[in-house]
Structure formats: C-alpha cells, structure tokens
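K.L.:
Next come the chains, spelled out residue by residue.
Number of protein chains: 2
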Amino acid sequence: MNAAFRFDDWDTPAPTPVAVNAEKQAKIEVDRNRPAMLAPINAADKRIVNGKGDINQLAPFKYPWAWEFFLKANRNHWTPLEIGMAQDVHDYHHKLSPAERHVFENVLAYLTTSDILAMRNIGLAVMEKMSAPELQIYQARQVYEEALHTWTYQHCIESIGLDQQEIYNRYRVVPQIHGKIALANRQLEKVLRSDFDLTDRANLHEFALSYFFFAVIFEGCWFYNGFTPIFALQRRGLMKGTAEQLQYIMRDEVLHCAFGIRVVRELLKEENLELDPQALRTLWDEAEAAERAYAGYILREPILGYNAELHVQQFRFIANRRARQVGVEEPFPGAENVLPWLDEQANLRKEKNFFETRVTEYQTGGALAWE
Amino acid sequence: MNAAFRFDDWDTPAPTPVAVNAEKQAKIEVDRNRPAMLAPINAADKRIVNGKGDINQLAPFKYPWAWEFFLKANRNHWTPLEIGMAQDVHDYHHKLSPAERHVFENVLAYLTTSDILAMRNIGLAVMEKMSAPELQIYQARQVYEEALHTWTYQHCIESIGLDQQEIYNRYRVVPQIHGKIALANRQLEKVLRSDFDLTDRANLHEFALSYFFFAVIFEGCWFYNGFTPIFALQRRGLMKGTAEQLQYIMRDEVLHCAFGIRVVRELLKEENLELDPQALRTLWDEAEAAERAYAGYILREPILGYNAELHVQQFRFIANRRARQVGVEEPFPGAENVLPWLDEQANLRKEKNFFETRVTEYQTGGALAWE
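For the record, the sequence lines run as chains A and B. Using this note's numbering, the first residue of the first sequence is number 158, and each one after it goes up by one. Using this note's numbering, the first residue of the second sequence is number 158, and each one after it goes up by one.
Hints were generated in silico from the structure; no laboratory data involved. Errors might be hidden in some of the hints.
[What the hints assert, rightly or not] No more than 30 Å apart at the CA atoms, straight line, and that leaves these computed lysine-lysine pairs for DSS-like:
#: 1; chain 1: A; residue 1: 286; chain 2: B; residue 2: 286
#: 2; chain 1: A; residue 1: 209; chain 2: B; residue 2: 209
#: 3; chain 1: A; residue 1: 347; chain 2: B; residue 2: 229
[As the list claims (entries may be wrong)] So these bits of chain A aren't anywhere near chain B, every CB distance computed over 10 Å:
#: 4; residue: 206
#: 5; residue: 280
#: 6; residue: 303
#: 7; residue: 487
The structure presented is a predicted model; accordingly, all values stated were derived computationally and were not measured. We treat Cβ as the ideally placed atom computed from N, Cα and C, and that holds for glycine.
Same shape as in the complex, but just chain A (with noise of 0.2 Å):
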C-alpha cells in the first residue's frame, strides 16, 4: 500500500482509503524491509545542521544531552508574578542615589531590548538551521524563555513606575546600548539573508561564528554579567525584588550558554570545522570595547562596591571562563575574578533567606551545575 508514497512529498493526493470493513483490513504492519525512505529514521541521519533525518520523528534521540536540557529547563520554570516587588518601588524612589537611578534604568534598557534580541535569533535564525528535533524542541523552550524575561522586564519598569516607552527607546539614543545591541545585530542579520547555504564552507563558518557569538559572548558573558550592578545594589539590600527576578533569568541564561557551548563543540566536530582565530579576536575585540563603552556608560558615576573597571574585568574573566568551555584559547590570558561574589549571587540555592522571602529553590528535581 505504500508503493506511490514519498513521506516528503505533499503534492500527490494520499491513496484513497479503502472503505470501513474491520472483518477484511489487514492490521497494519510495520515491514522492516521496506525502502528506506518509510523505516523508521536512523539517528544517525540527523546532524546539527544540515540534517538528514526526518523533521516530524522525535525518537530514536542522536543528541540526549539536547532532552536533558528541555527537562531541566522545564524544572526551573518560573514566572515574575511570584515574586515581589513592594520594596523595590520604594528602594528606588526615596533610597537609590542619582547614580544608582542611572544604572539601574539603563541596565533595564539594555536587558530588555537585547532579550528580544535573543529570542529573534533563536526562533528567526537558529532553529529553522537546526532540524533534529530534539534540538529544535530545546529551542522552542528557549525562544519561550527569552519572552518570559521580556516579561520579567516589563513586569520591573512597570511596578516601579519607569516611563516605559522612553526606557524601551534608550538602546535608540544612548550610543553606548546602541554599540552593543548594533554588533549582535551584524551578527543575527549575516545568518539571515535569504542567500545563505549552510552547504557552503564560507557561510557555514559564519553561522558557526554568528552562533557561537549568541552563545558564548551574548548570553555566556554580556548577559551572565550584565545582572552584575544590579547584584551590587542588591548586595547593600536594594532593589531585591528586582535582583530576585534577575538571578532567575541568569540560571536560564547559563543553561541556554551551555547548551550553545555543547552545540558549538558538536557543530565544529560533525562539520570538521574550526572557527579561525582571527575572526574569534575580532569577535572578542569587539564585544570587549562595547562592553567598556557600555560599562563607561551606565557607571560614569561609580555606585558604592561597583565601578565601570570592575565590570570590564569581569567580563575578561568571564569570556576566558567560557572560551575554555567551548575550547578556543583564553582572549584574555591572566584575567583576575574581580567579583568573586558573583558566581555566589547567581546561585539560586545559596543565597535565600527563607524569613525575608519565599523559597525560591523550588526546582522540582535534579541540580542545576554552575561550574
């Protein structure tokens, strides 16, 4: 009965069915020595890109790890409504300083446009790339989480009363947003053009570069420590709704930076494919100089415990930090954890005060690993 049928065409009509008789239909069986286009998929046909294997067929699993990862990300489910945020709208109209104010509107501003930003290049760039399911329905969740944090975003500037439309507006005008949200812009709209044929070596490298800058540079460094001052005023006891709400966006962006990393690795081995060093410096250049505009920026005043040197240090570390991750050499050789409290503060498990607040470890299972 399956002689006319291709899985891939969609153009010839289905055979007619033949009408209701249970007494005289076979049951249907599955008849492992059919063509191979009908067996069942072969993991082994599925690739990071430029896969083989059947779209629409979950199992059998080539990348489990990928699985692991949607399970654990769905454990760590959350949303902003359950946490508060009474205090922050005090803390910030009658406790923050001028400068703090500054830093605080314009990390929202940057967060904000750059999660939507991730959530473009998941959903518009990455998946479409990327057909073995069980990648895909990570991402899925990603695309989901990137939304959540727009959300979390939303939920902050409103509760505390920020004008919204000129906050969303910053990364317009503040050059210094604008420099970083421009790179990963070049970055997503490379790997977008309708020309682009990832079974070309040119291209393929690109999306690997494109790829491994959301992953290790965008979400891996620049978000990883873009909570940071907002930990520092959280640290003296301001702004904790706030920082609370940040500290689970970060355990969702270092799952999405790990599994970028995995990706990466396995990318580079199925494709037999080596990202040039003197793209990578220039990528790393780059992202530094943004990120010291940026950090010159946002703390033109420094704020009690944190200053603008303390960031670029950081962000130093931190790409080390993951370029060993991805296993690229170290852009930054002998760069020093300037904040050693931050690895602590992004650890949801440690840091609750079960009398101030709810309990927020409330992962249904497994642990989540922080390096």
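Dock chain B against the given chain A, drawing on the hints supplied.
P.N.:
Chain B in isolation, oriented as in the chain A frame:
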C-alpha cells in the same frame, strides 16, 4: 549626539563614547522633538504583517489582547510529569480491545507528528512575518507549548511501553495519517518560500489562507476533536492519565485557536482583505476529506460509544463554530452537535473528581472561555 544615528543602521560604528566624567556629563534627556527615527515608537505603526514599528520595543502595545493571551497562557502552565500514568499502562495491556489499542496508538501517532508541525509553522513561518513584539511574544509561548505537547505524547508513548520509532514513523506508512500531515505541510511550505513577499497582494492572500488553515482548521478543528477518541475511552474509565494529559493540551490549543482567530480578523481588517470564498470552500472540503479518511482508518472498527461517522459529524459541527468566530460562512450548514459531552470534557473546570485524581484546575487566575 544622535545626529549620525539610525536605529536600523548596524554598520555605522556607534560614536566613540565620551570619557567617563560624572561632573561634566549631562544626564540623558529624552528630546521629544528629535527626528522621528529616534522618537519612541508609535503604537499605530505596528501592524499584523508589514509592520513599521521597531521590533525591539514592546511598549506601547497596539494589541493589548495579545499580551493578555500571553499572560493567560502562562497561568495555564503544566507539565506531563504531574499526571500519573500507572493505570494507563495496565489499561493498555489488559483492558483495551485490539480495536481500542488501534485507535489509541494511531491517535498518538497522528498527534505527535502534528504538534511538531504546529511548532514549525509558528516558529518558522509565522513569527518572522508578525513583527509587533506583543504578537511575537505570545507566539514564543505558543512554540514552546507545541514542544511541551510533543514531550507529553513522548511521555505517554514511553510510559505505556510502545515502540517509539514505529509510532513516530506511522505518518509515513499509513496513508490516512499521511493525508492530514501532507495537507498541512503543503500549507506550510507555500509560505516558507524565500521569494515570499507580503507586500504582494496575491502572496498576502496566500499567507492569510495558510494562517487561517493552521489556526482555524488545524488547531481549531483537527486538534480540538482529534482528542475525542481518547476522551471516549476516558468516559468509560480507561486511559484516564493520557486523557487528562490531552485535556491540558486541548486547553492550550483552544487558546491558540482563539488567538489565531483574533489575528485573522485583525489581519483582514488592516489589510482590507477578504478571503476568497472558493479558496475557503476548497480548504474546508480538503480538510473534511482528510478527516473522513483518517476517521475511517483509526475507527475501522467502532469502539463502544464512538465511531467514524460521529467523528466526522463532530468535525463538521466544530468547523461551523470556528467559521462563525472568524466571521466567514459556515462550511457545513445544519451539522449537528452529535457529541454534546465533548465541550464539557474539554473544560477541566467541570470534570474533576477530587477523590480520584489531583486537582487540575490550578490556573492561577482568570477563567478560560470555552465559547
């Protein structure tokens, strides 16, 4: 400082930031009179497609209902691990007749392929075309929910101990399942063409029709009563874990369909577009023929309380309801509600027996309208 800046020009390097000097730097002031390109966005510039609003700025909303859909979807959060499957394992192996097992397996085989396709439609074909962030953000949640549903089917298939590869492959070897998937794939591939341009009226109509197909027919009809055969088992006390999983999925799908219908209505209004009645007629007829063939296969032997003819009649009845909601002509005038228990079954709020199972109505606020 903004003169050289265009928010969509990512190739011009950002101006060199001024050296950090708190004393000398003026505070950022938003000049409401600066050129329009840098002014906060105007909600009126947003459109369902062909929008001109800045894709990176969430507020102000033009479509506040889309944001409400996002919040509502988040309140509906659940995962398949919360629902016990132990009794289903016993039921499947010891209580279901061969005809009932045939129904059960093939419904899962159809649904699991369908939900991956639904995810790809929103993620790859729709999101990029709808640039208002409040629309994209709901779609990000929707993409994730389709992945969550795929996980759910996988969880059911695995819990019960079915041959996963064989189940996932059925849509390729069973013409009557293939027929529905092929119809949907044709609608998807039409709008995934790289030369597709929504400023062209013919392409715009093609897209509207494809979107209508997925929102109204695929999610609103095929999914809506695609679960019914399992609910028929549930009403007899069989496969209740799977059925409860499907009730959660159905709640999501009803929301997807309601959102989609709202989008179709806005799209037609904004673009001053009318769906060609002949094209709609063809779509309904093809959808009905595919559903009839599918019903004939999965219910080649009727099961107690349910048969192929009831299934098709219910499709026709639901199709009329959806058509009224969109504001187009009823495709099957006079179709009757042959399964009056279905809407009630679909509504989690009415179905719960607290002594038999856990409380499922844990939506944290608001009520879901079931029409």
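K.L.:
Which of the listed hints are broken here?
P.N.:
Numbers 2, 3, 5, 6 - these are the hints that the structure violates, sorted from lowest upward.
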